[in-house]
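> Heads up: the sequence lines are chains A and B, in that order.
Under UniProt numbering, the residues of the first sequence are numbered 1 to 427, in order.
Under UniProt numbering, the residues of the second sequence are numbered 1 to 284, in order.
FYI, nobody ran anything at the bench for these hints, they're computed from the structure.
There's no promise every hint is true.
Capping the alpha-carbon separation at 25 Å, the derived lysine to any residue pairs in SDA-like fashion look like this [stated by the list, open to error]:
hint : chain 1 : residue 1 : chain 2 : residue 2
1    : A       : Lys395    : B       : Glu37
2    : A       : Lys91     : B       : Phe45
3    : B       : Lys65     : A       : Lys91
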Amino acid sequence: MKKLFGMIIFVAFVLVLGACSSDSSGEGDSGESDSGKEELTAWAWNINVPVLEMAAEKFEEENPDFKLNVVEMGTSDVYSKLTTGLQAGGKGLPDIVLVEDDRFQGYINTFPDAFANLSEMGFDEQKSKFPDYKTELLTKDGAMYGFPFDGGPTGVFYRRDIFNEAGVTPEDIKTWDDFIEAGKTIKDKTGKDMIGLDLNGDDGLYRMMLTQQGTFYFDDEGEVNLASDESKKAMEITKELKDAGIVKNTVGWDPWISAMTEGDVATAPSGAWLYGSITQQGKDTSGKWGVFKLPAFEEGGNRASNLGGSNYVIMSASDQKEKAYDFMEYFSTTNEVQVEAMEGGLFPSLNTVYDNEIFKQEVEFFDNQKIWEMFAGEMENIPAVNYTGDYAVAKDEAVKAQSKIVNGTPIEEALENAVKTLKNRTQ
Amino acid sequence: MTHTKRFPYLFIAPAVILFCIFTVYPIISSFILSFQEMEGGQYVFAGLENYKRLLNDSIFWTALKNTFLIFIIQVPIMIILAMVLASTLNSQLLKLKGFFRVSFFLPAVTSLVAYSILFKIMLQEEGLFNNLFMMVGMDPIPWLSDPFWAKASIIMAMTWRWTGYNMVIFLAALQNISEDLYEAASLDGAGKIRKFFYITVPQLKPVILFAAILSTIGTLQLFDEPYNLTEGGPADSTMTLGLYIYQSGFEYFEFGYASAIAYTVVIIVAILSFIQFKVAGDDK
Numbered sequence: 001m002k003k004l005f006g007m008i009i010f011v012a013f014v015l016v017l018g019a020c021s022s023d024s025s026g027e028g029d030s031g032e033s034d035s036g037k038e039e040l041t042a043w044a045w046n047i048n049v050p051v052l053e054m055a056a057e058k059f060e061e062e063n064p065d066f067k068l069n070v071v072e073m074g075t076s077d078v079y080s081k082l083t084t085g086l087q088a089g090g091k092g093l094p095d096i097v098l099v100e101d102d103r104f105q106g107y108i109n110t111f112p113d114a115f116a117n118l119s120e121m122g123f124d125e126q127k128s129k130f131p132d133y134k135t136e137l138l139t140k141d142g143a144m145y146g147f148p149f150d151g152g153p154t155g156v157f158y159r160r161d162i163f164n165e166a167g168v169t170p171e172d173i174k175t176w177d178d179f180i181e182a183g184k185t186i187k188d189k190t191g192k193d194m195i196g197l198d199l200n201g202d203d204g205l206y207r208m209m210l211t212q213q214g215t216f217y218f219d220d221e222g223e224v225n226l227a228s229d230e231s232k233k234a235m236e237i238t239k240e241l242k243d244a245g246i247v248k249n250t251v252g253w254d255p256w257i258s259a260m261t262e263g264d265v266a267t268a269p270s271g272a273w274l275y276g277s278i279t280q281q282g283k284d285t286s287g288k289w290g291v292f293k294l295p296a297f298e299e300g301g302n303r304a305s306n307l308g309g310s311n312y313v314i315m316s317a318s319d320q321k322e323k324a325y326d327f328m329e330y331f332s333t334t335n336e337v338q339v340e341a342m343e344g345g346l347f348p349s350l351n352t353v354y355d356n357e358i359f360k361q362e363v364e365f366f367d368n369q370k371i372w373e374m375f376a377g378e379m380e381n382i383p384a385v386n387y388t389g390d391y392a393v394a395k396d397e398a399v400k401a402q403s404k405i406v407n408g409t410p411i412e413e414a415l416e417n418a419v420k421t422l423k424n425r426t427q
Numbered sequence: 001m002t003h004t005k006r007f008p009y010l011f012i013a014p015a016v017i018l019f020c021i022f023t024v025y026p027i028i029s030s031f032i033l034s035f036q037e038m039e040g041g042q043y044v045f046a047g048l049e050n051y052k053r054l055l056n057d058s059i060f061w062t063a064l065k066n067t068f069l070i071f072i073i074q075v076p077i078m079i080i081l082a083m084v085l086a087s088t089l090n091s092q093l094l095k096l097k098g099f100f101r102v103s104f105f106l107p108a109v110t111s112l113v114a115y116s117i118l119f120k121i122m123l124q125e126e127g128l129f130n131n132l133f134m135m136v137g138m139d140p141i142p143w144l145s146d147p148f149w150a151k152a153s154i155i156m157a158m159t160w161r162w163t164g165y166n167m168v169i170f171l172a173a174l175q176n177i178s179e180d181l182y183e184a185a186s187l188d189g190a191g192k193i194r195k196f197f198y199i200t201v202p203q204l205k206p207v208i209l210f211a212a213i214l215s216t217i218g219t220l221q222l223f224d225e226p227y228n229l230t231e232g233g234p235a236d237s238t239m240t241l242g243l244y245i246y247q248s249g250f251e252y253f254e255f256g257y258a259s260a261i262a263y264t265v266v267i268i269v270a271i272l273s274f275i276q277f278k279v280a281g282d283d284k
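Model the full structure from these sequences, guided by the hints.
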């Protein structure tokens, strides 16, 4: 009797184990769905999910044998799972994955066979519908490996109520020096800080200022460029902001957003996607907002830049690449889909969509300013920069240099050191 | 007869199989990985290259230094606190013992990530801690943005999380110390403090050693707190070995190098544990 009981438990255990393993292996691969259709899987996060699902439904109407299963995950979870899957030779991965601009080159360089070559599948025809900075970013050795999706044209989001109280007019802020002066006036008159920054943890402002000047951590040849004149200028402005006492230290995303929505800081230079967060979290502040273009480094200089943005890729390991390609081409190049994305808070990079009336409408939340027209006008002027595969390491060094600079290390010394360390780390 | 002999193995089989798949295999495969390097999507044998690079990697040395600094300051504070708490809670005079024991142990069952995020909120420039300080007229402290205070924040958070855990280990051990010893000491006229140092501490020695080794290993693998509280910043001042392993692998895609760091940590843990055994001078 005892024996029998033991055997039963053992068998049950084995069965459970077996069930687990077959479950997990089925998750990534495209399994058969109930109706017998071949199902595709996509990984995406946040506000991208409803947009993708909506597009899939529309696509399904005309392609009855198509079915997409969108798995929602946190941004960093997508990368962790993607990295692990690629590390395991392409196991357990979906057909379609969303990847941000700055992460793309890291993946394509480390795992050259990870993503499907879209140029071979015919995407080059669509290239002219996207800004150069996007297509260049997604190109390796002359071939494209990603579908450009949303972009992050930048602007300075500001609180009209605080500006009015201090008597500052945004039209007068043409250069970063003007910006700092305006910040001092605002601090004097209202006691509020000009900007919220996480100077020890993030370098978003610095990255925007580098892109604005047409360069990045690395130059176009891929050489470390942290000690360039452009980089020094950007760090100087950052330091001046800090030294003027007009920076509120906001560690992390939530404190930064709430500083804005609660009216503790007057501005937030950021990508157009900030619209989504402030309209959601600051519902009661409607009408108090405005946007102006990034200040230039000298009067008349470039005021267009980019921060953030993402793209879709097809995994090479997928056994339904053709189907995935057809859908993603439809998704990326159909105005209707991109307008929906726009309404969901994702600024499309497809340029044929900018004629749509949504881009000319007045936005109530921003005191009827035509903010989308402003952002759309910026897209063609965003300089293409070289993120390279070493983006993550370079960012780490840039943040450290920034942290040292605002804590007193001379700019030259901090940047030269960062160059030295970065060269060592990227050999 | 032969059936009964084979039978026990059937029972331990699931555990052994799982152990092999999830413990033995990763140990071996990461050891091999630590001698490899990614080149164009393929792993190639790189000899001791990863380990050589480690010796010249300033971030690794910073991480090692930080880890030891946190270890040297945090572990003694925590062990002493835990011991004092345990003997207080073991006292016959105390009422509501169960309540206090549970209260002190509760932090140990909270999720590492959840408590780190709570600390992060409380340690903001205008968070709970600074608001309290400002109420009594003190200057706010830059908890997470100053290299010194960032380390202090991590030590504080870890002490909150782990003191109760060690306290329970000590409490269990205290139950095993014979009352006779204390009685005899009382007859000889020993006071409370003397009894603590001459009876409690020596009797607890093997347990202190056990707690110290566990804490050593725990600190060397420290990851959740710096990852959630400071992300290793400002400027690497809270970078730990655990965090650097993670970043090397998952952010910089250098799994070979990450494995090499991991194996170095294993060696360090082994050496430290050996020293602790020697210092504690186990009689057996």
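> Against each hint, give a clear statement of whether it holds in the structure.
Comparing the hints with the structure gives:
1. Lys395(A) to Glu37(B): 22 Å, holds
2. Lys91(A) to Phe45(B): 23 Å, holds
3. Lys65(B) to Lys91(A): 38 Å, violated
Of the numbered hints stated above, the single one contradicted by the structure is hint 3.
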